[in-house]
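Residue numbers (the working numbering), protein chains in the order written: chain A, 1 to 374; chain B, 1 to 247.
Please keep in mind that the hints were generated in silico from the structure rather than gathered at the bench.
Even for Gly, the Cβ is constructed at its ideal location relative to N, Cα and C.
Watch out, some of these pointers could steer you wrong.
To give an idea of the chain A side of the interface with chain B (calculated C-beta under 8 Å), a few residues [what the hints assert, rightly or not]: (1) W117; (2) A221; (3) R223; (4) A232; (5) D235; (6) R246.
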Amino acid sequence: MRADRLTIATLACVLGGAALLAALNLLTPAGSAVHVPSFVISLVGKYLCYAILAVAIDLVWGYAGILTLGHAAFFALGGYAMGMYLMREIGARGVYANPVLPDFMVFIGWNKLPWYWYGFDHFWFALAMVALVPGVLAWVFGWFAFRSRVSGVYLSIITQALTYALMLAFFRNDMGFGGNNGMTDFKDIAGFPLNRETTSVGLMLITAAVLATAFVLARAAMRTRFGKVLVAIRDAEARTRFLGYRPEAYKLAVWVASAVIAGIGGALYVPQVGIINPSEFAPGNSIEAVIWVAVGGRATLAGAILGAVLVNLGKTWFTSALPELWLFAIGLLFILVTVFLPRGIIGLVAGRGAAALPEHEPAAANSAAREATG
Amino acid sequence: MIDGTILYLDGVTVSFDGFKALNSLSLVLEPGELRAVIGPNGAGKTTMMDVITGKTRPDAGDVFFRGDHDLTRLDEAAIANLGIGRKFQRPTVFEHLSVRENLELSLAGSRSTWHALFSRQQAAQREAIGATLQRIGLGERAAQPAGALSHGQKQWLEIGMLLIHDRTLLLLDEPVAGMTDRETEETAALILDLARDRSIIVVEHDMAFVRSLGARVTVLHEGAVLAEGSIEHVQNHPRVIEVYLGR
Numbered sequence: 001m002r003a004d005r006l007t008i009a010t011l012a013c014v015l016g017g018a019a020l021l022a023a024l025n026l027l028t029p030a031g032s033a034v035h036v037p038s039f040v041i042s043l044v045g046k047y048l049c050y051a052i053l054a055v056a057i058d059l060v061w062g063y064a065g066i067l068t069l070g071h072a073a074f075f076a077l078g079g080y081a082m083g084m085y086l087m088r089e090i091g092a093r094g095v096y097a098n099p100v101l102p103d104f105m106v107f108i109g110w111n112k113l114p115w116y117w118y119g120f121d122h123f124w125f126a127l128a129m130v131a132l133v134p135g136v137l138a139w140v141f142g143w144f145a146f147r148s149r150v151s152g153v154y155l156s157i158i159t160q161a162l163t164y165a166l167m168l169a170f171f172r173n174d175m176g177f178g179g180n181n182g183m184t185d186f187k188d189i190a191g192f193p194l195n196r197e198t199t200s201v202g203l204m205l206i207t208a209a210v211l212a213t214a215f216v217l218a219r220a221a222m223r224t225r226f227g228k229v230l231v232a233i234r235d236a237e238a239r240t241r242f243l244g245y246r247p248e249a250y251k252l253a254v255w256v257a258s259a260v261i262a263g264i265g266g267a268l269y270v271p272q273v274g275i276i277n278p279s280e281f282a283p284g285n286s287i288e289a290v291i292w293v294a295v296g297g298r299a300t301l302a303g304a305i306l307g308a309v310l311v312n313l314g315k316t317w318f319t320s321a322l323p324e325l326w327l328f329a330i331g332l333l334f335i336l337v338t339v340f341l342p343r344g345i346i347g348l349v350a351g352r353g354a355a356a357l358p359e360h361e362p363a364a365a366n367s368a369a370r371e372a373t374g
Numbered sequence: 001m002i003d004g005t006i007l008y009l010d011g012v013t014v015s016f017d018g019f020k021a022l023n024s025l026s027l028v029l030e031p032g033e034l035r036a037v038i039g040p041n042g043a044g045k046t047t048m049m050d051v052i053t054g055k056t057r058p059d060a061g062d063v064f065f066r067g068d069h070d071l072t073r074l075d076e077a078a079i080a081n082l083g084i085g086r087k088f089q090r091p092t093v094f095e096h097l098s099v100r101e102n103l104e105l106s107l108a109g110s111r112s113t114w115h116a117l118f119s120r121q122q123a124a125q126r127e128a129i130g131a132t133l134q135r136i137g138l139g140e141r142a143a144q145p146a147g148a149l150s151h152g153q154k155q156w157l158e159i160g161m162l163l164i165h166d167r168t169l170l171l172l173d174e175p176v177a178g179m180t181d182r183e184t185e186e187t188a189a190l191i192l193d194l195a196r197d198r199s200i201i202v203v204e205h206d207m208a209f210v211r212s213l214g215a216r217v218t219v220l221h222e223g224a225v226l227a228e229g230s231i232e233h234v235q236n237h238p239r240v241i242e243v244y245l246g247r
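Next comes chain A alone, as it looks inside the complex (with noise of 0.2 Å):
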């Protein structure tokens, strides 16, 4: 693979911050001017999270045109998954002491662990769960719709619905996974206490590594044919049937791999947060994760991490500081982008250093543009 200046520069901002803050958090004493606390390092590992999941949309969106608004449903069934082997690992050092059963479980009144439950004391068997619960789910949803050729905006509604249709279903109590309070209380992960700094700090740092692997196998599998595929699906889809392509064999492969890297992100995101609930799988949580794409820049991926990171980071001032606003601000935010920075953040970078960007990157950045304002 050819190595351009934005995956270097994309993959040193990611593994090199994320680094530099995990030695100035570890190295420094507490009262130091360059100390980072450890409130900074859980924020930065959920950002990373995010990132991660923006990578994921950006695949479907960026590249193959599929506008997702129910992704972060996969990012939050990751995110159960892990959720159950950290309530397992609990153990009896529950409320209730129950050393099989979850809190939550004794509580409605259970005496036997649901079979859906058996397995998740091994880690192992948690993160296979990880990857496949949100990569069967897409691929039995992407067989269906895209096999009818649901495409465009009804597609978009019917992500929406199937991340609708999931919060409503983990909101019940006699689902099993905690209803509205969801998971929480953990105590350790893989035997590392969840309450010590260096675990936040293993944490993040994982979480970056998983997201610079994330990037980097994207952006090449981008490059090879199968990538120019779904550009050209996304531009002119009938014309790639003529050409001898199944256009609905090559979004269920990039749909399912898309989901399974959600998934990823969220089984990361849930034992740095501590806690996941249904309000997870709410409809607006995709939607936001759209708009950290196209803040950054469509089919760029590099675009997709910036985005997140950056709108996340005023999502987190915002909320402090003027919390009644942030749905005001970040609404407009995504009509500013869409009217005067089609191409996004990266978009802004490539106009001025355009000839460092291999052939096809300015060209598929000027779709996006296309799309947002045509």
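Assemble chain B onto chain A, guided by the hints.
Chain B alone, transformed into the frame defined by chain A:
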């Protein structure tokens, strides 16, 4: 009758809300034949191409390719992979891919997602792309996005996308629409050149262009064949003069 034909249409009927776009259309194409199809708007020319390429399913009738492939049972991708290529009336290239990438996606070979992810371009494929770029005169524009090409160049790129695949049957829908006289002449020469080793159906309005191809002409009217023969024959055909030339 079917054996030995490259394309065989018999009694093909397509209705849209009661309107018969094709009304028991029959047409036979011999291997290596170049055929021009003309007809007024709404005569069913594009619907005929849609049926052959699997975009539209006929209500009745048979469509066979090379004698034994029933095209009414296959989808667009399967038909394309049999070796039937189509050029649209409005040039449709992948605007955000480079000229070279447009040709790359059109190369013959596996269409599976797995293959697309892991196969590397072979030297022979690179050569084929280079040769096609020369032939359609876009060698210097290979790295540019196809969206930046002129209308005529897009038409040529689309023809290049068909010929790089080495298909056995090409359907060209108004290949010279919007071209300058010079481009039209060049295109006619290219089509005649292509016709030497494959079968081609050209749908066209431009009578001078059809004449320059010297091909057998089929006149469609209201979804059925009105006349068939040399250009002189059809131009002197009383029914053709009446309905098509409007005299």
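Consistency of the hints with the structure:
1. W117: violated, 35 Å
2. A221: holds, 6 Å
3. R223: violated, 11 Å
4. A232: Interface hint status for A232(A): holds (4 Å vs cutoff 8 Å).
5. D235: holds, 5 Å
6. R246: holds, 5 Å
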